[in-house]
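Residue numbers (the numbering used here), protein chains in the order written: chain D, 1 to 390; chain S, 1 to 257.
Watch out, some of these pointers could steer you wrong.
What the hints assert, rightly or not - Restricting the straight-line Cα-Cα distance to at most 25 Å, the calculated cross-link-like pairs of lysine to any residue (SDA-like) are:
no., chain 1, residue 1, chain 2, residue 2
1, S, Lys154, D, Thr122
2, D, Lys124, S, Glu161
3, D, Lys124, S, Gly74
4, D, Lys124, S, Phe174
Just so you know, the hints here were simulated from the structure itself, not pulled from any lab data.
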Amino acid sequence: MTADTAVRSQPSMATFSTPPVIASCSSSSSVPPTIEIQGIVRRHGAVTAVDRVSFEVRRGEFFSILGPSGAGKTSVLRMLAGFEDPDDGDVRIDGRSMLGVPPNRRPVNLVFQSYALFPHLTVKDNVAFGLKMRRVPAGQIDEEVRHALAMVKLVGKESRKPGQLSGGEQQRVALARALVNKPAVVLLDEPLAALDQQLRQAMQVELKSIQEQAGLTCVCVTHHQEEAMMMSDRIAVMHQGRMWQVGTPREVYARPCNLFVSRFLGVSNELPGRLGDRVGEDRLFHPTDSDLPPLLLRTEPTEPPGRLATLSLRPEQLRISRDRPADACPLLSGRIDKTLFAGSETKYLIRIGRESLWEARTSGSETPALTPGEHIFLHWASSDGRLFFE
Amino acid sequence: MTRKAVGLRAVSLLALLFLYGPILVLVAYSFNAAHLSMAWHGTTLKWYVALIHDEALLAATANSVVIAVVSTIGATVLGGLLAFGMEGMSRSRQQLLEGSLVLPLMIPEVMMGVALMLFFLLLNMPLGLTTVILGHIVFNIPLVTIMIRTRLRKLDPALREAAADLGADAWDTFRYVTFPLLRPAVWGAVLVAFTVSLDDFLVTFFTAGPGATTLPLKVYSMIKSGVTPEINALSALLVAVSMACVALSLHLQRREV
Numbered sequence: 001m002t003a004d005t006a007v008r009s010q011p012s013m014a015t016f017s018t019p020p021v022i023a024s025c026s027s028s029s030s031v032p033p034t035i036e037i038q039g040i041v042r043r044h045g046a047v048t049a050v051d052r053v054s055f056e057v058r059r060g061e062f063f064s065i066l067g068p069s070g071a072g073k074t075s076v077l078r079m080l081a082g083f084e085d086p087d088d089g090d091v092r093i094d095g096r097s098m099l100g101v102p103p104n105r106r107p108v109n110l111v112f113q114s115y116a117l118f119p120h121l122t123v124k125d126n127v128a129f130g131l132k133m134r135r136v137p138a139g140q141i142d143e144e145v146r147h148a149l150a151m152v153k154l155v156g157k158e159s160r161k162p163g164q165l166s167g168g169e170q171q172r173v174a175l176a177r178a179l180v181n182k183p184a185v186v187l188l189d190e191p192l193a194a195l196d197q198q199l200r201q202a203m204q205v206e207l208k209s210i211q212e213q214a215g216l217t218c219v220c221v222t223h224h225q226e227e228a229m230m231m232s233d234r235i236a237v238m239h240q241g242r243m244w245q246v247g248t249p250r251e252v253y254a255r256p257c258n259l260f261v262s263r264f265l266g267v268s269n270e271l272p273g274r275l276g277d278r279v280g281e282d283r284l285f286h287p288t289d290s291d292l293p294p295l296l297l298r299t300e301p302t303e304p305p306g307r308l309a310t311l312s313l314r315p316e317q318l319r320i321s322r323d324r325p326a327d328a329c330p331l332l333s334g335r336i337d338k339t340l341f342a343g344s345e346t347k348y349l350i351r352i353g354r355e356s357l358w359e360a361r362t363s364g365s366e367t368p369a370l371t372p373g374e375h376i377f378l379h380w381a382s383s384d385g386r387l388f389f390e
Numbered sequence: 001m002t003r004k005a006v007g008l009r010a011v012s013l014l015a016l017l018f019l020y021g022p023i024l025v026l027v028a029y030s031f032n033a034a035h036l037s038m039a040w041h042g043t044t045l046k047w048y049v050a051l052i053h054d055e056a057l058l059a060a061t062a063n064s065v066v067i068a069v070v071s072t073i074g075a076t077v078l079g080g081l082l083a084f085g086m087e088g089m090s091r092s093r094q095q096l097l098e099g100s101l102v103l104p105l106m107i108p109e110v111m112m113g114v115a116l117m118l119f120f121l122l123l124n125m126p127l128g129l130t131t132v133i134l135g136h137i138v139f140n141i142p143l144v145t146i147m148i149r150t151r152l153r154k155l156d157p158a159l160r161e162a163a164a165d166l167g168a169d170a171w172d173t174f175r176y177v178t179f180p181l182l183r184p185a186v187w188g189a190v191l192v193a194f195t196v197s198l199d200d201f202l203v204t205f206f207t208a209g210p211g212a213t214t215l216p217l218k219v220y221s222m223i224k225s226g227v228t229p230e231i232n233a234l235s236a237l238l239v240a241v242s243m244a245c246v247a248l249s250l251h252l253q254r255r256e257v
């Protein structure tokens, strides 16, 4: 990403027509990227499912493609696996173009969302399948399968059939079946979507540690932002067939390139308004809602006054206080609408002016909770908010 | 039990009695010692013993078995290939083929028999075992195709993709994944085709020549000279074999993998 200022001008939701700028990977070493996707396009009839998508994945990296359903992320994955071919662009794995190479000749293995375990084969035979297809000697197959099953902690279940396993165990078999082949890339299609919440969180940690331990290069498709952030080295956000932003979880969360990315990655407290005059290092921001006072924000100096913009703040950037703070710069008053106690933290929905409902949080359970109807002040560091211009 | 449930049960029992009563009577009389009388003269197995010593009957049995086995193999291979071939076709073509598969099951079997006979005569094929076998293959193909197709369409397409992803080519995918998963349906189809072939009368009647008499044809010709306990015994055996085949077929198809 080019600019380092807290607030940058990028196309917002309203101006999705301009193709997004994708940051190129600043690869530190001379090792070529494991995956190079160059401007791939995929059309399904009149619908363009994937529109000029480019990205690279480095060796050993956990790369997630994050987006809502219908964003085109599964199509990208299927083009990597070889079940679909792009209408335009190139898919390169380990420097070799994969165009026209059938799935069975590609150095990738896919963990299916439904796991797609062979129901008639035992756990052992499921995991051995790929090696058997490559005509690996039987003795070596036994050893590799044992190793893979140990890695996913399934020793002792070798002779079970998939139908006799729990959902979490089936997920492990699917993973072992892929990684036993030592593919250049493991593709994961919504790997944890079929698991319940608790198992899901445990598997996130485990999947990540297996990936690190085995040095796997992973491309994971998910619509679950928290999952993507916790497991990935880098995240690509997709929407409507386009890839809007690629970066580390922190970058994408803290510096989303547009309102869509901002909203998709977490709670985005928004306030529409208009840029005003410069005041020292800061700029005035006049909320559209005339009940609200102008705010002083730190923003890019080049934007002309009068430009329409939307201010976005994360809940954790907001501080709540009962009394008006003395020197807090951007400051808004509001009224508590709802108090939601969630154990380690308390969430508040706060009515700001006439139209906005913001979310703020306080951690810890000991402080006396604010009650609905109470008037409070919200303030934040002037460098924290992000402005998205229309 | 509510009155409604009692009524339902009564109707079910009546329907079952209507379906199986005649067969039960036939089986019971095959053990009746009396030769011509309908009166009960004690239990015996002598009619079954008599069957084993009837040369013509043994020849008919041999014909029936040969026809059933060969036509079942033929129909399973062709019908199975058709079921697989249809997978790759366009939606409209599949529908067209599906329609034409059901048609032979709908048209009266007499027509089918006559049509086949005329067809063979037109080709100057002498009627005999071969023509009967061909005729049986014709009516068994739709049965086999429909049964295998039903199962094939229930398979998760991701399974075949998973096989390809793991390095299997088309043949390996068929050999190690698709076929093993279809095996119950294939065996089910084999048993049904075998039974239908064994029991068939009409198509056999029109396409059989001298020396190709099957068991149903034999029963028919024996009946012309009166219903003997021997016929009862023979019929009872046919019923037993058919029911066993169908029961096994249903069992195989109900079993998941």
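Right, here's what the structure says about each hint:
1. S/Lys154 <-> D/Thr122: 21 Å, holds
2. D/Lys124 <-> S/Glu161: 19 Å, holds
3. D/Lys124 <-> S/Gly74: 36 Å, violated
4. D/Lys124 <-> S/Phe174: Since the Cα atoms of D/Lys124 and S/Phe174 sit roughly 20 Å apart, the hinted pair holds (cutoff 25 Å).
Violated hint: 3 only; the structure is consistent with all others.
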